[in-house]
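Student: Dock chain one against chain two, each of which comes alone in its own frame, and use the hints as you go.
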Amino acid sequence: MAVTCLIVDDSKLARIVAGKAIAALQPDWMRIEAANAADALAIVANQQIDLAILDFNMPDKDGLELAAELRVSHPRMPIAVITANVQDEIIARVRELNATFVAKPVTEDAISGFISGAALRLRKAPA
Amino acid sequence: MIDDITALDELERDALTELVNIGVSRAAASLRKMINKQVILSVPSVEIVTRRSAASLFEQRESEDFVAVQQQFEGPFSGRALLIFPERNGLSLARAIVGDEMDEADLAEMEDETLRETGNVILNCCLGSMANMLQHTLKMSLPEVHRGNSTAFFGVLDRAADESFVLFLYINFSVQDRQIHGYIAMLMDLPSLEKLKKLIADFIDRVMA
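Residue numbers (the working numbering), protein chains in the order written: chain A, 1 to 127; chain B, 1 to 209.
Excised from the complex, chain B in its bound form (with noise of 0.2 Å):
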């Protein structure tokens, strides 16, 4: 259950959206440079459910598996943030990037490549724009490609782990002009969360001083 330590009051969601919108706008637009596109965002989404209800809710909006790019996160609080598509969505976004001279083949080849160095930027350009608002330092994994289903990457290994509470935050976003449309998620445990919360809570006394 979700104790009343960790749960997140108005201004404190309100402060981590806020803070989650900025990075995943800084990323939005350092993935715009990369392809030349207009990145469209939605408003970003901030909840505490358990791992399984977080990957169900990939499950359902896509009838297709995805394919991601991971890093870990360590720090003050650490957790797991994902560049998610769908998994046919994963080779549209390389031929963006890489542009329309490449060869399938060859394309087909550095798939994986690309989407790695597209995550690791998308991702650290978003976890860093926090961690600097919030005055902390991330320590970032290397960017892993994964594919499959949402469980996997969620971290629902078995039944246990399935019930565990996590702070999950995501937005959607689309490419206007190519047919490429994925997610920007991060997940964190709770223990990981007290110590956001006091960083969040640091984070609005220094814009409301």
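Just chain A, same shape as in the assembly (with noise of 0.2 Å):
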């Protein structure tokens, strides 16, 4: 069954380009994005959702908040929440949630170790 990624974040041109490097790393999965937390848990609520790649820094709910709530309805789902905020609260935190750190800006190469990770975790047990 095809691999679906959620996309979470509130600029829309962080999720082009998020959505442009998975594309190029795994052209078959499907990607969803959402602009907040709120639309996120919405369709996670909804239907199968495989990976999910969550920005920090978001108004109302942030990041590892949404990552938190994910964890519960979803312990083994992999998750990376990016952010230029490298201060080591905040990448202790993705650490405690069983998530990935992910820099911005989202390129390729810096996005390819959370990918290709959740693809073989996806292939040994489907989320």
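One thing to keep in mind: the hints can contain errors.
[What the hints assert, rightly or not] Here chain B is said to cover these stretches of chain A; the calculated rule only asks that three of the stretch's residues, wherever they fall, bring their Cβ under 8 Å from a Cβ of chain B:
hint: 1; region: 12-25
hint: 2; region: 28-40
hint: 3; region: 57-68
hint: 4; region: 116-124
[To be verified] Taking lysine-lysine and the DSS-like style, the derived pairs with C-alpha atoms no more than 25 Å apart in a straight line are:
hint: 5; chain 1: B; residue 1: K37; chain 2: A; residue 2: K61
hint: 6; chain 1: A; residue 1: K12; chain 2: A; residue 2: K61
hint: 7; chain 1: B; residue 1: K195; chain 2: A; residue 2: K12
hint: 8; chain 1: B; residue 1: K197; chain 2: A; residue 2: K20
hint: 9; chain 1: A; residue 1: K20; chain 2: B; residue 2: K139
hint: 10; chain 1: B; residue 1: K37; chain 2: A; residue 2: K12
hint: 11; chain 1: B; residue 1: K198; chain 2: B; residue 2: K139
hint: 12; chain 1: B; residue 1: K139; chain 2: B; residue 2: K197
hint: 13; chain 1: A; residue 1: K12; chain 2: B; residue 2: K139
[Unchecked claim] A partial selection of chain B residues facing chain A, derived with a Cβ cut-off under 8 Å:
hint: 14; residue: D14
hint: 15; residue: E18
hint: 16; residue: I22
hint: 17; residue: S25
hint: 18; residue: A28
hint: 19; residue: R32
hint: 20; residue: M34
hint: 21; residue: I35
hint: 22; residue: V39
hint: 23; residue: N132
hint: 24; residue: A201
hint: 25; residue: I204
hint: 26; residue: V207
None of these hints come from the bench; they were simulated from the model.
Even glycine gets a Cβ: it sits at the ideal position worked out from N, Cα and C.
Tutor: In structure tokens:
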């Protein structure tokens, strides 16, 4: 079955850039975009999402809060949190949530580790 | 009035906000290294407003005067970048940076120098990241410390200038466990904005190519 990747970022441009990098690495994956955490949670509640890429700095609920909520319903889903904010506390919280930290701006190179790791995990045990 | 040439469309505004977000996020990470406390950022805001309304936004939020570190920047686009705190926070920030060992008198003497240096790191980090992503160099003036109200920092000098439009970007930040909060703000005049608009369009083309 096709893998579906959720991209959550309040910036449309950032979603396009992340989507492009993922499409280059995994052309067969489906991509769904959400502009905020509320929309992302609604999508996740209604359909199968295999992995999620979340921006950290968003209005209302940030990417770490969203990741924590997603972890409750999806304990094994590969999640990446993307930010240029490389403060120790933020990276530590990303790790605590068993998520992957990806530095902004997102490039194919920057996100390839997460994508190939996620592809491997999904082949072994679908989320 | 704002004419059509200088107004940013949705994607351009979005790209600019994202550039500021990345710049400020990196700057916050440098500040975190200097004070060893987490720095919490808001989502950046980008608006085209008059200088006077930019200044009054800060006046409304705080009941006291400000201390600001300011650097002018010049290049394909020019303007000024400011790190702004309520005046009493200046000393708290200096304390957070130099540590608890220094006595009050020495700290007070060091305050401006510490603020200048901190402002320099933060503003350079922020503008430098933005310039790199836009693939252009910005020349930055030496940082200056000013005290007073925000109308002075924002160049509201006379009634004519009051009504001139600027591109106004700001983000607020606070420092965990310390009573410190402040703003990083950027003001660009509209001739600069036209050049910036072109650079943003090039940036969008590059990242979407």
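Student: Could you run down the list of hints and mark each one as holding or not?
Tutor: Verification of the supplied hints:
1. Against chain B, the region 12-25 of chain A contributes 6 residues with a C-beta closer than 8 Å to a partner C-beta. That satisfies the three-residue criterion, and the hint holds.
2. Counting residues of the region 28-40 of chain A whose beta carbon lies closer than 8 Å to any beta carbon of chain B gives 0, which falls short of the minimum of three for the stated coverage.
3. Figure legend: the region 57-68 of chain A, annotated as covered by chain B; annotation consistent (3 residues with Cβ-Cβ distances under 8 Å, at least 3 required).
4. Judged by the Cβ-Cβ criterion of 8 Å, the region 116-124 of chain A is not covered by chain B as claimed, because only 0 of its residues qualify and three are needed.
5. Of the supplied pair hints, the one linking K37/B and K61/A holds, its CA atoms being roughly 22 Å apart against a limit of 25 Å.
6. At roughly 17 Å between alpha-carbon atoms, K12/A and K61/A fall within 25 Å of each other, so this suggested pair holds.
7. For the hint linking K195/B to K12/A, the alpha-carbon distance of about 22 Å falls within 25 Å, and the restraint holds.
8. Taken as a hint, the K197/B and K20/A pair is honoured in the structure, with Cα atoms around 23 Å apart against an allowance of 25 Å.
9. The suggested pairing of K20/A with K139/B is violated, with an alpha-carbon distance near 33 Å, which exceeds 25 Å.
10. Distance hint between K37/B and K12/A is unfulfilled; the C-alpha atoms sit about 31 Å from each other, more than 25 Å.
11. Proximity of K198/B to K139/B is assessed by CA-CA distance (about 19 Å); at most 25 Å being required, the pair is judged to hold.
12. Restraint check for K139/B and K197/B: satisfied, since their Cα atoms lie roughly 19 Å apart, inside the 25 Å limit.
13. With a C-alpha separation of about 30 Å, the suggested pairing of K12/A with K139/B is violated against the 25 Å cut-off.
14. The restraint placing D14/B at the interface with chain A holds, with a minimum CB-CB distance near 5 Å, inside the 8 Å limit.
15. Evaluation of the E18/B hint against chain A yields a held restraint, the C-beta minimum of about 5 Å falling below 8 Å.
16. Given the 8 Å rule on beta carbons, the hint for I22/B holds: about 4 Å separates it from the nearest Cβ of chain A.
17. Taking 8 Å as the C-beta cut-off, the interface hint given for S25/B holds, the closest approach to chain A being about 4 Å.
18. With a least beta-carbon distance of about 6 Å to chain A, the hint placing A28/B at the interface is held under the 8 Å criterion.
19. For the restraint placing R32/B at the interface with chain A, the shortest Cβ-Cβ distance is roughly 5 Å, inside the 8 Å limit, so the hint holds.
20. Interface hint at M34/B: violated, since its Cβ lies 12 Å from the closest Cβ of chain A, which is beyond the 8 Å cut-off.
21. Contact between I35/B and chain A, as hinted, is not supported at the beta carbon level, the nearest pair being about 11 Å apart and thus beyond 8 Å.
22. Against a cut-off of 8 Å between C-beta atoms, the interface hint on V39/B holds, since the closest Cβ of chain A lies about 7 Å away.
23. Annotation: N132/B was flagged as interfacial toward chain A, and the flag is violated, the nearest CB pair being 10 Å apart, outside 8 Å.
24. The beta carbon of A201/B is not positioned within 8 Å of any beta carbon in chain A (closest approach about 12 Å), and the interface hint is therefore violated.
25. Interface restraint check: I204/B against chain A, minimum CB-CB distance 7 Å, threshold 8 Å, status holds.
26. This hint holds: V207/B has a C-beta 5 Å from the nearest C-beta of chain A, less than the 8 Å allowed.
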